[in-house]
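Chains as they are written, first to last, in the numbering used here: chain A, 1 to 296; chain B, 297 to 406.
Calculated from the structure, these hints are not laboratory results. All values reported here derive from a predicted model rather than from experimental measurement. Nothing false has been slipped in among the hints.
Which residues of chain B face chain A? A few of them, derived with a C-beta cut under 7 Å, are:
no.	residue
1	Leu303
2	Val352
3	Ile390
One-sided excerpt, in silico: chain A residues whose CB lies under 8 Å from chain B:
no.	residue
4	Tyr26
5	Ile46
6	Leu47
7	Ala48
8	Ile54
9	Leu57
10	Leu58
11	Thr60
Beta carbons: idealized from backbone N, C-alpha and C, even for Gly.
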Amino acid sequence: MPEIPRRDASMVLLTSLGEDSLDAGYARAAARRRHGAPPARHGRVILAAGLVAIGLLLTTAAAEARDRAPATAQARSELVNEIEDRTETNDRLETTLATERLAVSDARRTGLRITAQGSRLARVLATLESTTGAGGVTGPGMSVTLTQVTPDDSGTDDDPRTTEATEGRVSDRDLQTVVNEVWAAGAEAVSVNEQRLTALSAIRSAGEAILVDFRPLSPPYEVQAVGPPSMRSAFVGGFGGSYLQVLRDYGIEFTVEDRGELVLPASAGLRLRYATTPNDVPSGATPDPRDRTSPQ
Amino acid sequence: MIAAIGLVLGIVAGLFLEPTVPTWLQPYLPIAVVAALDAVFGGLRALLDGIFDDRVFVVSFVANVLVAAVIVYLGDQLGVGSQLSTGVVVVLGIRIFANAAAIRRHLFSA
Numbered sequence: 001m002p003e004i005p006r007r008d009a010s011m012v013l014l015t016s017l018g019e020d021s022l023d024a025g026y027a028r029a030a031a032r033r034r035h036g037a038p039p040a041r042h043g044r045v046i047l048a049a050g051l052v053a054i055g056l057l058l059t060t061a062a063a064e065a066r067d068r069a070p071a072t073a074q075a076r077s078e079l080v081n082e083i084e085d086r087t088e089t090n091d092r093l094e095t096t097l098a099t100e101r102l103a104v105s106d107a108r109r110t111g112l113r114i115t116a117q118g119s120r121l122a123r124v125l126a127t128l129e130s131t132t133g134a135g136g137v138t139g140p141g142m143s144v145t146l147t148q149v150t151p152d153d154s155g156t157d158d159d160p161r162t163t164e165a166t167e168g169r170v171s172d173r174d175l176q177t178v179v180n181e182v183w184a185a186g187a188e189a190v191s192v193n194e195q196r197l198t199a200l201s202a203i204r205s206a207g208e209a210i211l212v213d214f215r216p217l218s219p220p221y222e223v224q225a226v227g228p229p230s231m232r233s234a235f236v237g238g239f240g241g242s243y244l245q246v247l248r249d250y251g252i253e254f255t256v257e258d259r260g261e262l263v264l265p266a267s268a269g270l271r272l273r274y275a276t277t278p279n280d281v282p283s284g285a286t287p288d289p290r291d292r293t294s295p296q
Numbered sequence: 297m298i299a300a301i302g303l304v305l306g307i308v309a310g311l312f313l314e315p316t317v318p319t320w321l322q323p324y325l326p327i328a329v330v331a332a333l334d335a336v337f338g339g340l341r342a343l344l345d346g347i348f349d350d351r352v353f354v355v356s357f358v359a360n361v362l363v364a365a366v367i368v369y370l371g372d373q374l375g376v377g378s379q380l381s382t383g384v385v386v387v388l389g390i391r392i393f394a395n396a397a398a399i400r401r402h403l404f405s406a
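In isolation and in its complexed conformation, chain A is listed as follows:
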């Protein structure tokens, strides 16, 4: 009759790990000594050398660990500093760019005003700039502010799909929806946190930050829109309003208010890389009602 295998035979690797924790060499050496074998030669010296090596290894490892921790922290803070420096430089350059652009457009306007056709072109240009976002606009409108509230007790939500990270945080999708609904409500110019939106603007996210034209925004998010007086009721009564109501369930507060006089800046990122004006069409020949009435 064959021997009944041990119940834990399939776990022999694990059991041997726990049982044979002591090096078998010790038992064998002890057995050798019992049988009268001489003790190892230079045993003490070998032991001392081994312990010197162990001490050296432990202190070296400790010193390594101690040296490495501040090094990573230092590298991190250096990177943070560099990012802040460069962001500052960027901001300064952008301010310079804006003032220079203003000067250029001023100079162009005065230059064009010399002739009658020129002043008409200047008007067309101003309209185009305002429409496309290349120039700043001012006018009545409304503002929609989204404030994210950090949840004080995230343990109450037992839905595994809504993780703690997304709860109460405005996502790029939310901002996209709000902006689209603001356009749909009749807005003529829209900006998000002082970033003017153009036909080429993108609202997306990188990590936890929302980017508009690749510039990270910090909450609260304020969508400003210039448009007709009916815009606010159209927005609140339409899909935008109900979307914001849903957002409120996720801990995002919002306010929608009328603004008498809004000043929206020009877009900083409006440039064409591939599209060019056709050569046979003069740039002034854009469909504009004032242009069409001119007999020239």
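Please build the complex by placing chain B on the supplied structure of chain A, with the hints as guidance.
This is chain B only, laid out in the frame that chain A set:
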């Protein structure tokens, strides 16, 4: 006695010489430390069991460190370095715990 002197000498040498570990050796240092700790606890237990042997202790220490380093090196070459280091740490950790438990039984008879 000579063992204690050796250990203290090693620690003092490490503190004062501050040997710089070459970069290619750095990944193996933590594993080597765990392997060395395993040898140390094994030696302590053997000492308390009354079967300590100098040669076995030193040979097991050197072999432990080398084998652990070789396993991690092999894992790095095969692309499973972190998994193999985890495995080495788990195995040696279990042995350290078992030996520490034996030492505890010796010292406190509990």
